[in-house]
Each structure stands twice: as structure tokens, then as C-alpha cells.
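Asker: Residue numbers (our numbering), protein chains in the order written: chain U, 1 to 266; chain C, 1001 to 1266; chain G, 2001 to 2266; chain B, 3001 to 3266.
If you're looking for bench data, these hints aren't it; they were derived computationally from the structure. We put the beta carbon where it would ideally sit given N, CA and C, even for glycine. You may find that some hints are simply not true.
If you only want the chain G side, here are some residues facing chain U, beta carbon under 7 angstroms, derived [to be verified]:
1. Thr2141
2. Val2168
3. Gly2172
Number of protein chains: 4
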Amino acid sequence: MRDSYWKVMQFSKLPKLNNPVFIEGLPGIGNVGKVAVDFLIDELNAKKLYEITSYTFPHSVFVNEDNLVELPLVEVFYKELKGKKDLLLLGGDVQPVDEISSYEFSEKILDIVQKFNGKEVITLGGIGLTDIPKKPKVYCTGNSKKIIQKYKSDLVSNNLYGVVGPIVGVSGLLLGLASRRNIEAISFLAETYGHPMYLGIKGAKEILRILNKNLGLNLDINKLDKEIKDIESEIIKKTEQLSEVTKQLALRRLQKRLGKDVDYIG
Amino acid sequence: MRDSYWKVMQFSKLPKLNNPVFIEGLPGIGNVGKVAVDFLIDELNAKKLYEITSYTFPHSVFVNEDNLVELPLVEVFYKELKGKKDLLLLGGDVQPVDEISSYEFSEKILDIVQKFNGKEVITLGGIGLTDIPKKPKVYCTGNSKKIIQKYKSDLVSNNLYGVVGPIVGVSGLLLGLASRRNIEAISFLAETYGHPMYLGIKGAKEILRILNKNLGLNLDINKLDKEIKDIESEIIKKTEQLSEVTKQLALRRLQKRLGKDVDYIG
Amino acid sequence: MRDSYWKVMQFSKLPKLNNPVFIEGLPGIGNVGKVAVDFLIDELNAKKLYEITSYTFPHSVFVNEDNLVELPLVEVFYKELKGKKDLLLLGGDVQPVDEISSYEFSEKILDIVQKFNGKEVITLGGIGLTDIPKKPKVYCTGNSKKIIQKYKSDLVSNNLYGVVGPIVGVSGLLLGLASRRNIEAISFLAETYGHPMYLGIKGAKEILRILNKNLGLNLDINKLDKEIKDIESEIIKKTEQLSEVTKQLALRRLQKRLGKDVDYIG
Amino acid sequence: MRDSYWKVMQFSKLPKLNNPVFIEGLPGIGNVGKVAVDFLIDELNAKKLYEITSYTFPHSVFVNEDNLVELPLVEVFYKELKGKKDLLLLGGDVQPVDEISSYEFSEKILDIVQKFNGKEVITLGGIGLTDIPKKPKVYCTGNSKKIIQKYKSDLVSNNLYGVVGPIVGVSGLLLGLASRRNIEAISFLAETYGHPMYLGIKGAKEILRILNKNLGLNLDINKLDKEIKDIESEIIKKTEQLSEVTKQLALRRLQKRLGKDVDYIG
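Sequences and hints are given; from them, build the entire structure.
Answerer: So, in C-alpha cells, the structure goes:
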């Protein structure tokens, strides 16, 4: 573990959580997971617990609406739900890109889950289709038959084999690595349109319906569309800026490679 | 050695092996080595000894036939063969891609060979042709004249110089690195079709014939085709999924680079 | 931190600096920051304090006008300004390219700022336009409203949100990472032409005007154009050579990949 | 320094060398340096001192004329020359490709130079032209005016500024890094044809003429062509094989990326 590459900053007193369920929703296919978790954080008024930055994240800063800069980061929130299982929520601007960073990040996250004695991990993602689905189906897979039985319903299908290839990134690795720590883990994947700028809100709604029911969150489903509209523009702005980083880098590399021996002075 | 990147999990009590021969067959050209070793593991009913995962392997999980997830991994099996040399068998889903990981992995494997006092390493691979060979020839090379003399026969040619370029990956490195540990090592390379999805079963059969004879494995050659049919679909499924990972990553990178400033909301 | 990759060599006795302001200007978009800081170093006759080389910089040497070789490097200079805040100035041939190196370098630089008890960081850069601007505008952003208030004037606009995407590289990271060390940091970004060989002298002049006024540097603005002409050819030569490195590398890689089996002997 | 990535094996008792001059000639532009140093090693009957392998070298083995495998490696030889300065000679199959490995390797080499109290380093290389030169000119540059004065003659020009861009790789870095250890270092660069498969024998001869004269090696210049013919085919074979590695890797990556969902069974 390249520990010096990862900075975890604590933002509130460590809470005592009751049997917390950990839910991950980072940028990914159709941003389905991100949209769902960002909604949960807002709607449940969850408290920020950790801010994670990494030398493996983009080496750039965003300019926010206040014209101030922000490092790209990932955040962990928590929500105490009286009489029910508490929640740990993982959202953020980015997820690690390369293999090693993705494994390291996932292990760090599972360290946090274990620190709070979490026994259940839920990861959220999208299944990229070539067209925008009208009524997105939700599939699940997990690291044990037990957790799949627990969440199986008419809202979610477990016949994922053959539907998707492998699950790439943190949403997948958390499942695989959790089983070694005897943590049950399940992933909900909603059909969505596979474009990186697409916000898979319909897919996120289907997933939120499942979480709402299974975790007894008492979310007002009617508020979903309005709330999502509020966070939409911010997500798009950041996604745009991040896309801009990679585009600029690619352009600069291309220019360097072609690099005409022309000098421009002006 | 970046030790934290490699996880070796032990799956059975450490056996006392008699003069074990180590045989490697990981995915590679025509998957010849993988098909041969997977057959040996099945047919000999070998016992799982180690499961190796790595932060350098793809950062994704497979969905298996039970709709459960699996990390990409490599496995070491053993088989005790009364009155003969015992076997250590290395098979798996992947092999390291980059230079450093490939060297590190090969050294880790040789550590295992030495732990069991193994004095002989056999690696299996393919020689990629542009057409499907009708009767694949098998070539060998090694790290000493002695081991080549031992395995030379009318079934295998040692005139490899000029036939292939260098032997890339674990099948090659194990030979080169073994010589520093005074471990004799030989590689059997069967002609095959050089497509990454191709399963070089004919080539694998020719190699199995050689191993069967030289190691006295008493394999029923007539069962070969049937047995291989049984594992065929599983291998293809995983190869497909892995290919899917790299394809998805490439696509996502491409999309990011082109990344039109268009927003899709739906 | 991969400390062995970074070499910091001290070039003068450590000065006692009075409340120093740190100003960064490394190669980047339009080389605006580099032109401005190189001018400050020359015009103020600043003293060299540190020379920084890195294993992450290009693995090549320049040939200078004396036909002697020079490693690519980054330099820190200082200037004592009686009765005013002293200056620390960061200039150089290169800046780190990949994510990890860029974060590590920025942290190393902030270590230096803190060593001299610096409380303010200014980074300089360009905003790449598709055409050469006649009268380049200067924008600023920072890590606190306080420092932006301090430097805001009719010469500089803070309405950066939406004007640029993220600020990539050391100029951006220094702002983001400084806020964790309670160091106020601001970036001045001048419009310029977005070509890697372009020297954004007009943009640099606009930035220098702001620094001259705010830091009370008493620079003779009329000398600007002449002075810049003197350093121009050296900057262009190095930029050309660096561009040559990446071009040669790209070419060699391409040739290797295509690598016809043709031998040329002569 | 990632020490575990580098293996230095000693092949003879450590000699006591008299004021040794270190000469480097690794594969590079036109393979000029490699051809020259390989000739010196053969002709002077130099003794092998070290064999260096690295996890950063290609992860593959060559098949040699004896049909045995060889890891890609770099070798240091020495030659005692009674009454004159002794020689340390660096030749090999490869040189590190990426920035960090190239710096690390160069530092390791300078450690060896210092171990034998060497005070002078000579690196050999090519200047790639677009056509095959009839009478290649030799240029030099170095890390001090003193060493350039020492070697300057009518055979070699020091007007390199503007003729080449930066000197990329070990031949360049050794000069830059040596100056920090107070080791005088010079590079002789002969014009050659810039194709990776080209063997710049004419350029190597011009450089050998300079070394022969300056170091008093008493080489029979008339034997040069014959001797070089002897090592020619071996160099070409290895260069071909290495080129084959990178070609195969590129092809496999390309195939994976395109990776049709077609299965080939045969």
C-alpha cells in the first residue's frame, strides 16, 4: 500500500454507528451510482465524516461557483437512522483510474467499513446500453447467495450472468475484496445510456426505490425528480471540467508529439 | 518487490511433495498453456494449494454462472503421484501485463517452487501462426542443455532459434529467472492460431502427449477431447469478459478524450 | 512520498526572509507564468537558493550555448526587498507530467514555503484561447475569499467560473494543497494563445503589472519588452529541445511498433 | 531508488583498476554506441565484471543460437592496460525506457564508476539523420570545458549547440549526473541513419578512431571491418527479437481493444 498517496481527513467526531450499511456511488457508467448516492446524502441530510484525496486523482483543481478552487476528492458521510441500521455513504468527484490505485482505494474503503463494524456493503452502478432505456431494469450480483436472497424482489433481477461483462472499478472490487473480510456485499446495476456525460437519473430512481424499500429509508419518492434537478447542474459542471482535464492533457500530448518546429511569439 | 501488491492465500495444509515438477499454463498466445494445465488440474483431480490475487491484475470482478462475483486470480494446485515425481500446477484467469509485475510474479512463483524443493520447471505456451495449423508442431527451449536432452524426442523439436522471437511473459521469464536459482526449466511451445480468443486445443493436446509420456501421468488420451469440451465454455466466457474489460476501458478513455461538451440528461 | 526521486540542492546560505511571498511560474499554457517569473528573477537580480531535479523529469540533457550539458531542472530564487515582503520565486525548464509526480512536487514546494514561514502563494498561468488575444484579460481564483479580495482590482477579474475548466498542474495543485496548510494562495491566469511553442509575453506583461502594483516591486514597466527579448531565445531553445525529446520518443516508439523486419546495415 | 528492481551480479574477483576510464555504449540511435563498445570488448578481450538485469527491462527471454534462453541484460567489462589508464566498458541488449528507470540505472552505473575510483566517463551515441551519411562527422559535448579541451581534435567538433536537440537516455543522463559527483564526462556522437534497425558501423568506426588515439588503445584499425562483421548478425538478431517483443505487445493490445466478440475454437 502506497500510504503516502492517500490522505484521509476526518470532518466530524467519530460517531457510534448501529450495524451500518455502507453504500457506494462514485462516477461511472451513466453516473447512476453517483446520482443515487448524492441524492441520499442531500435528502437524508447526512453528515460529512471523511474527505479523501489522493496523489492518484487528477492533478488539477476545480473552480467552484464561488470562484474558489477545490481539489478533486471523495467523501464519506454517515446518517444515524433511529431503530434501523445506520448508513455510511461514499460519493465523490472521481474514482481511481488505474488497477493499483483502484485496489488500494477499495481496501482503504473497506478499512473504514470495518472500523465502524459494518457488515454489509452495497455498490451502485450502471449497465451501459447503446440507447436510452425507457424503463431501466435493475440487476444485482454479490459475493454470497445469502445477501442476494435478502435483496431479491420483483424490482431486481439476479440473472446478470451473460448480461454484463465484468464489473469494472470500485463498484466491482468492493464486492470481491469484501468477501475476504467476511463482509456481505451486493451491487445494484441499473440499465442506462452508456455515454460519459449522461446522467442516468431514471436508473438511479429505480435503484433508490429498491434501497428505500429494503432499508426503510422513508424517502418521499415524489421529491426525487425535484431534488435531483437541484444537484444535476453541479454534477454536470464537474463532469465537464474533469472531461476537460483529460481532453486538455490529450491535446497537449498530441501537440507535443506532432510538435512542429514552428515558434510562435506574440 | 512491492509485496503489498500481491496476496497469496493458502487453501490446504502444506503437503510434503516428492521432488515436484512445476508446470505453468497461464493465458497467452492461443491459450495453449492454459488449456493444457486446466485439463491436467481437472483430470488429475489436483488439490488447490494457493490462490494469488494482485493489485496489478484487472481492477474488476467477473460474474460467474451462479451470478456471484469473482476476483481475477491465479491458482496453484498440487498432485501427489505415488512412486513418481509429484506435480505443482499453475493456472489462472490472467497474467501480469507490465514488465515489473511480470518479473515480480515470476519471482513469487519461483519462491513457491523452492519452498517445495522443486528442481524442475515446465512452462507451456503457443507460437502464434497466421493460420490455424492442422497438425501443430511442438518446440522446446530451456535454460540448460541437460533438461533439453532429457525431454527431446520425436514429438518435440529444439530448433527454436529463428522460429520465434523472444518468449514474452511468465512462460519466458520463469526460464530465465530459474537458472539463477539453479532450477532446470524448459518450455514447450505448440504452434497455434495467434488470435486472443482462439483456444489452441490441438496444440494443447500435442503438449499433453509429451507430458503424459515423460512424466508418466497415465492420462487417457481418448478422454482429452471430451474433457476439454467441458472446460471450454468457461474459459471462453472469462476470456470474453476480460477482453470486454479492456475494450470498455479503451472506449471510456476514447470517449473522455473526444468528450464533446454535450450534456445528456435522461 | 517517493523521496529518492527528488533531489533538492541548496545553492546559497539559508536567508532569513521577512514574511515572504512565494511566486510560481513554470512552463504551461502559453508559457505565461514562466515568462513572468523568469523576468522577475532577472530584473530583481534574485539569488539562487535551490536547484531541484527529479527522476520524474525527462531522462535527457540539454546542450547549452557553451556546448555543455544541463539536466532539466527547476529552481527556487529569493529576493530581499527592504521594508517590504521578501520574495521566493519558482522557475524552471519543466514541470512534472503525471498525477503522482505533480502532487509530490507541489507538496515539496509547499514544504519550502513553510520552511521560510511563507504565508502567501501566488501561481501564474495562462488561459489558452484559439486565437492570439490583442489585449489579454487577467483572471484570478484562489483558496480563500480573503486573498481574492486583497488582489482584486480593475486589472483582474474574479469571474473565472465557467471561463476555464479545471486548472491543471502545479499552478492548480499549489492552491488546493496550500489551503490544508493554512497558506493563502491565489492564481493569476492571463489569456494567451494555446500553442505549446507560443510565448505569451503580452499576457505575462499584464500579470507583471498586477504584481508590480500589489507587491510594490518598482519594476520599470518600460524595460519589460527589452528584458523579455533577452530571455526569449533561451526559453524557445529549451522548449524546442524538450518538444524534440517527446517527439523523438514518440517516433522511436512508433518505429518500434511498426518495426519492419528489415535490416539496414551501412 | 527501487533497489529490488535491479540485480547486479558479480562475475569475477574485483580488480584493482588504475585510474579507469568508463565507456558506455548501449543500444540507441543507429546503435552507434553499442557497435563501438561491443567491438572494444571483443578486440581487447575484456573480462566480464558485472551482469545487470532489471524488472524494468522487457519481460521476455531471447532464444540464442544454442536454443537456450537468455534474459535481456546489460554487462560491465574491464580491461587492464599496462602503463595506461584501465577501462570499464558498459554494453548490453537494452537500455531503460522510462524516465525513472533511466535515472536509477544511470545512478547505479555511476556508483560502479566511483567504486573503482573512476574519474572519467565517456558515453557514445548517434545523431540520427534522415539519410545514410557517407562520411559521418563526430561531435562531442560534456559536463566541463576541461574534458572537452582534452578530447578536442580535428576528428571531433564541439559545435553541437543547435545540431542536436537534447541527448536522450543513459548517454545523456550519465553526463548530467556525473557532474554532481565531480566526475568529468564527455559524449561522442557520430552522425548516422536514424532507423532503429540500422547498425551505424561507419559512425562507430569514426568514434573508435578517436578513442584509439586518445586512450592509446593500439587497435588495428584495419581489423575493424572484419571484427564488426562477426558481431553484426548477433546484434541484428537481438535487435529484431526486441523489436518483435514490442510489436507483439502492441498487436496484442490492439487486438484486445478491438476484441471482436467472436470465439475461435479449433
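Asker: Look at each hint and say if it fits the structure.
Answerer: Here's how the hints hold up against the structure:
1. Thr2141: With a minimum Cβ separation of about 5 angstroms from chain U (threshold 7 angstroms), the hint on Thr2141 (chain G) holds.
2. Val2168: Nearest chain U Cβ about 4 angstroms off; hint holds.
3. Gly2172: holds, 4 angstroms
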